[in-house]
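A.B. asks: So the chains spell out like this:
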Amino acid sequence: MKRKLIRRSIRKEFNGWWAISLIGATVILLPILFVFSSLFLKPNENWFHIREYLLGTYVKETFILVISTGVLTAILGVTLAWLVTAYDFPFKRFFRWGLILPLAIPPYIAAYTYRTMLSYTGVVQATLRNEFGYQINPEWLNISSLRGAIFIFTLFLYPYVFLITKSFLENQSASFFENARLLGRKPFFIFWKVVLPLARPAVISGVVLVIYEVLSDYGVTSYFGIHTITTAIFQTWFGMYDVQTAMRLAAWLMLIVVGLFIIERLLRRRQRYHLPAKSRPLAAMKLKGAGAAAAFVYCTAVFLAGFFIPFIQLIAWAVLTFDTVWNATFSTLLYQTLYVALISTMLVMILAVIVANVCRKPSAFTYFLAKWVTTGYSIPGAIIAIGVLAIFIGLDQWLAPLYEMMGMADAPLILSLSIVMLITGYVIRFMATGYNAVEVGYEKIGIKYAEASRMLGSGVTKTFFKVELPLLKGAIFSGFILTFVEICKELPLALLLRPFNFETLSTKTYQFAKDERIHEASISSLIIIAISALSIIVLQMVNKKVKE
Amino acid sequence: MKIVDIRNLVFSFSSAGEPVINDVSMTIQKDEIVGIVGPSGSGKSTLLRLIAGLEMPWQGSIYIAEKPVVTDKLFVQPENRGVGMVFQDYALFPHMTVKENIMFGLSRLPRREREPRIAEMLELVKMDKFSERYPHELSGGQQQRIALARALAPKPNVLLMDEPFSNLDADLKAEIRADLCVILKKANMTCMVVTHDQADVEAICDRRITMGQRQKEDESH
Numbered sequence: 001m002k003r004k005l006i007r008r009s010i011r012k013e014f015n016g017w018w019a020i021s022l023i024g025a026t027v028i029l030l031p032i033l034f035v036f037s038s039l040f041l042k043p044n045e046n047w048f049h050i051r052e053y054l055l056g057t058y059v060k061e062t063f064i065l066v067i068s069t070g071v072l073t074a075i076l077g078v079t080l081a082w083l084v085t086a087y088d089f090p091f092k093r094f095f096r097w098g099l100i101l102p103l104a105i106p107p108y109i110a111a112y113t114y115r116t117m118l119s120y121t122g123v124v125q126a127t128l129r130n131e132f133g134y135q136i137n138p139e140w141l142n143i144s145s146l147r148g149a150i151f152i153f154t155l156f157l158y159p160y161v162f163l164i165t166k167s168f169l170e171n172q173s174a175s176f177f178e179n180a181r182l183l184g185r186k187p188f189f190i191f192w193k194v195v196l197p198l199a200r201p202a203v204i205s206g207v208v209l210v211i212y213e214v215l216s217d218y219g220v221t222s223y224f225g226i227h228t229i230t231t232a233i234f235q236t237w238f239g240m241y242d243v244q245t246a247m248r249l250a251a252w253l254m255l256i257v258v259g260l261f262i263i264e265r266l267l268r269r270r271q272r273y274h275l276p277a278k279s280r281p282l283a284a285m286k287l288k289g290a291g292a293a294a295a296f297v298y299c300t301a302v303f304l305a306g307f308f309i310p311f312i313q314l315i316a317w318a319v320l321t322f323d324t325v326w327n328a329t330f331s332t333l334l335y336q337t338l339y340v341a342l343i344s345t346m347l348v349m350i351l352a353v354i355v356a357n358v359c360r361k362p363s364a365f366t367y368f369l370a371k372w373v374t375t376g377y378s379i380p381g382a383i384i385a386i387g388v389l390a391i392f393i394g395l396d397q398w399l400a401p402l403y404e405m406m407g408m409a410d411a412p413l414i415l416s417l418s419i420v421m422l423i424t425g426y427v428i429r430f431m432a433t434g435y436n437a438v439e440v441g442y443e444k445i446g447i448k449y450a451e452a453s454r455m456l457g458s459g460v461t462k463t464f465f466k467v468e469l470p471l472l473k474g475a476i477f478s479g480f481i482l483t484f485v486e487i488c489k490e491l492p493l494a495l496l497l498r499p500f501n502f503e504t505l506s507t508k509t510y511q512f513a514k515d516e517r518i519h520e521a522s523i524s525s526l527i528i529i530a531i532s533a534l535s536i537i538v539l540q541m542v543n544k545k546v547k548e
Numbered sequence: 001m002k003i004v005d006i007r008n009l010v011f012s013f014s015s016a017g018e019p020v021i022n023d024v025s026m027t028i029q030k031d032e033i034v035g036i037v038g039p040s041g042s043g044k045s046t047l048l049r050l051i052a053g054l055e056m057p058w059q060g061s062i063y064i065a066e067k068p069v070v071t072d073k074l075f076v077q078p079e080n081r082g083v084g085m086v087f088q089d090y091a092l093f094p095h096m097t098v099k100e101n102i103m104f105g106l107s108r109l110p111r112r113e114r115e116p117r118i119a120e121m122l123e124l125v126k127m128d129k130f131s132e133r134y135p136h137e138l139s140g141g142q143q144q145r146i147a148l149a150r151a152l153a154p155k156p157n158v159l160l161m162d163e164p165f166s167n168l169d170a171d172l173k174a175e176i177r178a179d180l181c182v183i184l185k186k187a188n189m190t191c192m193v194v195t196h197d198q199a200d201v202e203a204i205c206d207r208r209i210t211m212g213q214r215q216k217e218d219e220s221h
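From first to last, the protein sequence lines stand for chains A and B.
UniProt numbering numbers the first residue of the first sequence as 1 and each following residue consecutively.
UniProt numbering numbers the first residue of the second sequence as 1 and each following residue consecutively.
Hints should not be assumed to be uniformly reliable.
With a straight-line cut-off of 30 angstroms between C-alpha atoms, the simulated DSSO-like cross-links for lysine-lysine are [stated by the list, open to error]:
(1) B/K2 - A/K466
(2) B/K126 - A/K361
(3) A/K462 - B/K129
(4) A/K444 - A/K371
(5) A/K4 - B/K2
(6) B/K129 - A/K42
(7) A/K2 - B/K73
(8) B/K126 - A/K466
(9) B/K99 - B/K173
(10) A/K4 - B/K126
(11) A/K4 - B/K67
(12) A/K448 - B/K30
(13) A/K448 - B/K67
(14) A/K371 - A/K2
(15) B/K173 - A/K462
(16) B/K186 - B/K126
(17) B/K67 - A/K12
(18) A/K2 - B/K186
(19) A/K448 - B/K73
(20) B/K129 - A/K448
(21) A/K371 - A/K462
(22) A/K462 - B/K67
(23) B/K99 - A/K473
Just so you know, the hints here were simulated from the structure itself, not pulled from any lab data.
With these hints in hand, go ahead and build the complete structure from the sequences.
C.D. replies: This is the structure we're talking about:
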């Protein structure tokens, strides 16, 4: 009976779209499973060495970093979000979007900018010395430490918490807040006892995004010389060329991510309150005098430190180095970055559209399919990179006889030295960005147009091109921009998977910074920041449209 | 000739739940207009979706114009069944004009026959002045006429209508119902209409089928 039913279902549903979705899901899942499988292989000598002497430090520093950043971004994000939604104070309208801007500066760029500014020859110490004759203790300003990394991550990642909490507060909290006031409570009490508990799921999802970013990071941690599991993965590969041990480390990192995922679910499990569907914005309270000044100073300080100061510093350096950096090599760099990002983004969008189309019919199977193809986003780039690397090296070994037949025996690594490997990594990592946008689009148009089209004699493919594609254009466009930006910014994957001598904007920036040619990194940094700002604008526009 | 022949149909939305449609059989003859009535949740709309091929039955078979479309061994995709459907909310493609909407179903017709067919359809539903309009520029009643014209244009074997009057004002309803009756008879269309309103059945249907625990068939008119 059951088997007959499954056969009937397959006969109804199966088509080319399904086949492509399944192939896509397999390609995405394979490297991740491969990394996991390394846990069951017999470890080699390197592993014992790492476990004996290093793993303790890696895990400890990773945890300190994650927990401190998580707590601090929560505090910063929630307080700022509450200020700009519940109160009126000078320049509040500006801060509502201005405080998102730190997200446009990737933490690794912020890290080298701040370290250089605070160094002996940097603008801070030089000014103090030359203008005021004051010699500050350099140790106070040394941010190449765990403390410094926490500072950078907090300041440049808090917008995740800010954004999600703000949109929650704006849309959901008005009636509770006003009721609580009518019951005679002071705003601060209400914030603590009513708003915060209600906002908890939103805050947690923001913090989890921050933690994923921190776990993925290679730029900041390696630049500051901090030992996390991610930096260890890089060292094992670049230092010892030991894929197996790198995979084993990646598998352990992966277990942490899975644990985090489960904790998040548990924390939010009982928190899905039934909130009223129709809501109106909170009426802001006017702050006066000291209160208004304090709110303004707090927001201004965060904005200056999180965006304005490093941005201006980068512009100053860019002016200094414009003539030396802006040349033919640089345009090649730009071209390469955009070209690879464009191809990867197109692949992501094509696959996203196909899988999302298949997954509109709800069933246990489509539920898992949608989860599979989007797993990449919650998995640190280094893990994906190592998985992809291992698979491509395996593929090259497997294809070696073929290469020999084709007379290329002297070059045994063909796939694993090609750009295909990097593109595969990008597609796996950023599938979710494109997919989520397309999924929202499909949800908005619903299934009725597709059904009407089928009833009028058009098959699945014709229906897609004639009916759904024109209606999905906006969603595909915003998904495209968001994915494209993420790929342009990405660092760890690009560092591990790029072909020899192939540079992207982000790897070149990182290279400059690592070689202490900070000033020369400024132009590529500014371009990355401009591209990131583009995605923020698109997101804001989409949000506005949704609200209307 | 039996246009729709349903044998022992069983359907459920989940493997755990009670079947919505449990061992249903029925036949519809050519040129009949049949009303499907019954309490909400009795599977009226689901029955139409099963005939259309938008859902798959767990058991049983369906024949349309004496050809099998669902059996244990076969599933004919909706686009190949020769079934027309007017959706509850019409589902007119918002990015196409009235004319393009009707043209959409005519891809199997030779090119030079398409324009005359569209004109014929627009005349049938008395909407010939509106061919260049977009759906959002039409009233609810006008949208319904276009949805009807679009579904009839490819000359389906059977037309399925899911609550065709539920989105219309009460005073508009009587008028449109009368028009619909004329149009369907003029087009010689076999038709199944799902409705919860007995008055609809009395106004346009030759026969009624009541869905419920046990489906009942009784003659009216």
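A.B. asks: Tell me if the straight-line CA distance from B/K126 to A/K361 falls inside 30 angstroms.
C.D. replies: 37 angstroms, violated
A.B. asks: Would the pair A/K371 and A/K462 pass a check requiring their Cα atoms to be no farther apart than 30 angstroms?
C.D. replies: 27 angstroms, holds
A.B. asks: Would the hint linking A/K4 and B/K2 be met if the CA-CA limit is 30 angstroms?
C.D. replies: 28 angstroms, holds
A.B. asks: Given the hint that A/K462 pairs with B/K129, does the C-alpha gap stay at or below 30 angstroms?
C.D. replies: Within the cut-off at roughly 29 angstroms; holds.
A.B. asks: Hey, A/K448 versus B/K67, does the alpha-carbon distance stay inside 30 angstroms?
C.D. replies: With a Cα-Cα distance of about 27 angstroms, the restraint between A/K448 and B/K67 holds, given a limit of 30 angstroms.
A.B. asks: Taking only the CA atoms, is the gap from B/K129 to A/K42 under or equal to 30 angstroms?
C.D. replies: 78 angstroms, violated
A.B. asks: Given the hinted pair A/K448 and B/K73, is their Cα-Cα distance within 30 angstroms?
C.D. replies: Roughly 28 angstroms separates the two Cα atoms, so the pair holds.
A.B. asks: Is the hinted pair B/K67 and A/K12 satisfied, with a Cα-Cα distance of at most 30 angstroms?
C.D. replies: 17 angstroms, holds
A.B. asks: Is the Cα-Cα distance between A/K4 and B/K67 30 angstroms or less?
C.D. replies: 22 angstroms, holds
A.B. asks: Are B/K99 and A/K473 close enough, with their CA atoms no more than 30 angstroms apart?
C.D. replies: 22 angstroms, holds
A.B. asks: Is the hinted pair A/K444 and A/K371 satisfied, with a Cα-Cα distance of at most 30 angstroms?
C.D. replies: 20 angstroms, holds
A.B. asks: Would you mind confirming whether the straight-line C-alpha gap from A/K448 to B/K30 stays at or under 30 angstroms?
C.D. replies: Within the cut-off at roughly 28 angstroms; holds.
Checked against the numbered hints listed earlier, the structure breaks hints 1, 2, 6, 10, 15 and 18; every other hint is satisfied.
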